[in-house]
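Assemble the complex: chain A is given as a structure, and chain B must be docked to it using the hints.
Line order of the protein sequences matches chains A and B. So in our numbering, spot 492 of the first sequence is number 492, and the numbers just go up one at a time. So in our numbering, spot 304 of the second sequence is number 304, and the numbers just go up one at a time.
It is possible that some hints are incorrect.
As the list claims (entries may be wrong) - Just the calculated beta-carbon pair ranges, DEER-fashion:
1. A:Gly301 x B:Ile139: 36 to 44 Å
2. A:Ala399 x B:Leu10: 53 to 61 Å
3. B:Leu110 x A:Pro105: 22 to 30 Å
4. A:Leu350 x B:Cys140: 27 to 35 Å
5. A:Pro60 x B:Leu158: 39 to 47 Å
6. B:Val71 x A:Ile118: 53 to 61 Å
Hint data in this document are derived by calculation from the structure and do not stem from the laboratory. Treat the numbers as computed from the prediction; the structure is a model and nothing was measured. For each residue, glycine too, the CB sits at the ideal point set by N, CA and C.
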Amino acid sequence: MALLDVNGLKVYFHTRNGVVKAVDDVSLSVDAGKTLAIVGESGSGKSVLCYSLLDLLPKPPARIEGGVALFDGQDLLTCSKQQMRGYRGNDIAVIFQDPMTCLNPFLTIGEQLIEPLIYHRDARYGRQQARRRAIELLDEVGIAGAEARFDAYPHEFSGGMRQRVMIAMAMINEPRLLICDEPTTALDVTIQAQILRLIKNLQHTHNVAVIFISHDLGVVAGLADQILVMCAGKAMETGDAEQVFYRPESGYTKKLLAAIPEGAKSATGHARPEVPLLKIEHLKTWFGGHSAKDTIKAVDGVSFEIRQGEILGLVGESGSGKSTLGRSILRLAPVTAGQVSYAGTELTALSARQLVPWRRKMQMIFQDPYASLNPRMTVFETLAEPLLYHELADRRSVAQQVEKLMDEVGLARAYVRKYPHEFSGGQRQRIAIGRAIATKPQFIVADEPASALDVTIQAQILELILDLVDRHDLTMLFISHDLSVVRHISDRVMVMYQGKILEQNDTEPLWAEPKHSYTRQLLEAIPLADPRLERARIAAASQ
Amino acid sequence: MLRFAAGRLLQAIPVLLVVITATFLLVHSAPGGPFSAEKAVPAEVIKALEAQYQLDQPLWKQYVSYLGDIVNGNFGPSFKYPGRSVNELIAAGLPITAELGLYAMLIAVLIGISAGVFASLRPNTLQDYVPMSAAMLGICMPSFLLGPLLVLIFGIYLEWLPVSGWGDIPGDKILPSITLGAAYAAYIARLSRGQMLEVLSQDYIRTARAKGLPEPLIVVKHALRGGLIPVVAFLGPAFAGLLGGSFVVETIFQIPGLGRFYVQAAFNRDYTMILGMTIFFASLIILFNLLSDMLAIWLNPKLRHGSGAAKP
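Just chain A, with the same shape it has in the complex (with noise of 0.2 Å):
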């Protein structure tokens, strides 16, 4: 008998906007030392799912409407208060997705880590014991002087070391089962696969069966035994790893597969390299500090130039620099030191009053449509305000522009007078794009356009990009941490690390011959969505 074995789960939100089926008959079983990838888009019901197991929704809205969830054979969905805290945290541990706000930061690591510990009424831990065996884990996860940081509170760790705190406390009990929510999707590349091979390594060692909740197909194919695809509460398909990646059954899953971007950019660039559109020499951006020591050197000493016509992709983990780069080109970040030089034109003496005919050639896509678009302004306001204040258009004239840009972006017209929360995520970052564009620029630095997005619908922004790219002869610097999407949309791409470029070349020689250590150690930590070639990676990467 499978460990736990779920059975027609149904859990409904009773809204004022009446009943959202988040999780509508769904089915599934691991098995001890197994892993269940639960793969979807987001608001499938993923992460509802695995919460319901262990009562942790907020009740009401939720209400559980019917199904059975045996572990071990007992119900969890109708047990005692008293008998699910007996599971939570002892049989069954759960590892959240946001390191950073999922650990008490008014705590120390150490009183949260023991916690699970001394509260479990069967392990009756004295302080002291339970404070060696969290030392024992905080080393066995890789936190480097263990003892010593026992007593650290979060906001002295990383995202990387406190997603390590958290992957202890949940398996400090020795739990049967343990549930993994997007544990990886806060964290950079080459930290998620630290990360992942440590869950591996301690699933191996304890035998534990895991379900693990991911958006991420290169990783799940690493990892999944079984996979469950989920879309709109129901579930798509199940079946072992190599099935739905191989050889899918549902539409949906088949275009779940086709939105991964994989490979080489396959339209051809029309970048002019003898015509350089900006020239960036020896850009120095710091932040603050009373001392040379509090000083943060976001953008050290850069030097480059950006071609016309082309899409310089930028990567480089968090913190790295990349965003503040961008901002400093178009001065939205301060410059500290350095040239930016716009088709020969010195932008960093201007004045920000000279500065505004230049502001209408070069624009920005942030990256979360959700923060950069006023909620108090209606699409109709948001696209009209860049063309009145250019004086590209008049207030006769403006409507037919609006609509113009809408038609470019691919929204409805009708959508003119709404507010942006009224949009999905992709619509916003149209309306983000549309923004961007209505100026007509020649230049356009787009930071992680696409991250805060599904996958499917990412390639959609992806492909509206591209093609406004060409239709416009547009310049981009795109700037991104996923290296996947750099490479289907970049003619060139640069690589930077803690404020200096590593590396500069031509996409596919870049990808095909890294020559920075570090280029090759990025290239090396991407998920494949591919069973076989991810399992192979992996294997050759741990050794």
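Same frame as chain A, now just chain B:
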């Protein structure tokens, strides 16, 4: 932390100087004087009195000599209570007002926090609505209404508690303390409810639940600290409010505390008394704001370690 406190104390010096100067100018520019009374007093008597208290000197000279006195911790003699210094009068009233304030504060904090936390555990149910409606009532009800009302109910109808006085009959401290603390309890209840709701919806509370911790422990150990931060920050300003409010309560219950001295001094144009009390209260308010800020920092490990510097 020490550096922070020292810095804040240094900043207090110019603040106090402004308070002193403004108060000094205001009391001296108000019409009338300490010795003007309804009954006509012979001019030479007033002259002699003014000379005795150096009121015949130019204003700037009075100001400078007053500043000199303050540096030495001397608030000067009272004009209206001959033979007694302002220092003595403050020393006489302070223990009573301080005790009243302390009890009121304790009531405000204990009742306020427990009501707020209690309400936040089941939002939008009866358990939330009842204490929060009571809190709304508490905020709206001025102490000059609440005080007599309490006296009427508990002092006169039920005859459970004395109606006035301070420390004369057992139990006479209860009603004044409640009257003074009630509004702050209500405010703190609403503050802590709001913040607790915020904290209880945080991801790390879900983590705590997923670890299998018992619910009371989650509330007390994981949520309460974050929930208390705005309450702690409110304590400084609340203290200032308590000082101001003590006058009304002291009048209602016939308590010989500082608040009554203060208002009488203003009516009497008792220059040194007004100034002395203002400076004293201002210093206390600065001190208590500092203490509440230090407490808020101590509660937040990010700030405590001084590594909370904002990153871009």
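Quick rundown of the hints versus the structure:
1. Remark: the range hint 36 to 44 Å for Gly301 (chain A) to Ile139 (chain B) is contradicted by a beta-carbon distance near 58 Å.
2. Between Ala399 (chain A) and Leu10 (chain B) the C-beta distance comes to about 60 Å, which sits within the given range of 53 to 61 Å.
3. One distance hint, 22 to 30 Å for the beta-carbon pair Leu110 (chain B) and Pro105 (chain A), holds here, with the actual separation near 26 Å.
4. Look at Leu350 (chain A) against Cys140 (chain B): about 57 Å separates their beta carbons, and that is not inside 27 to 35 Å.
5. Checked against the hint of 39 to 47 Å, the pair Pro60 (chain A) and Leu158 (chain B) passes, with Cβ atoms roughly 43 Å apart.
6. Hint check: Val71 (chain B) to Ile118 (chain A), Cβ distance near 57 Å, so the stated range 53 to 61 Å holds.
Going through the hint list in order, the structure does not satisfy hints 1 and 4.
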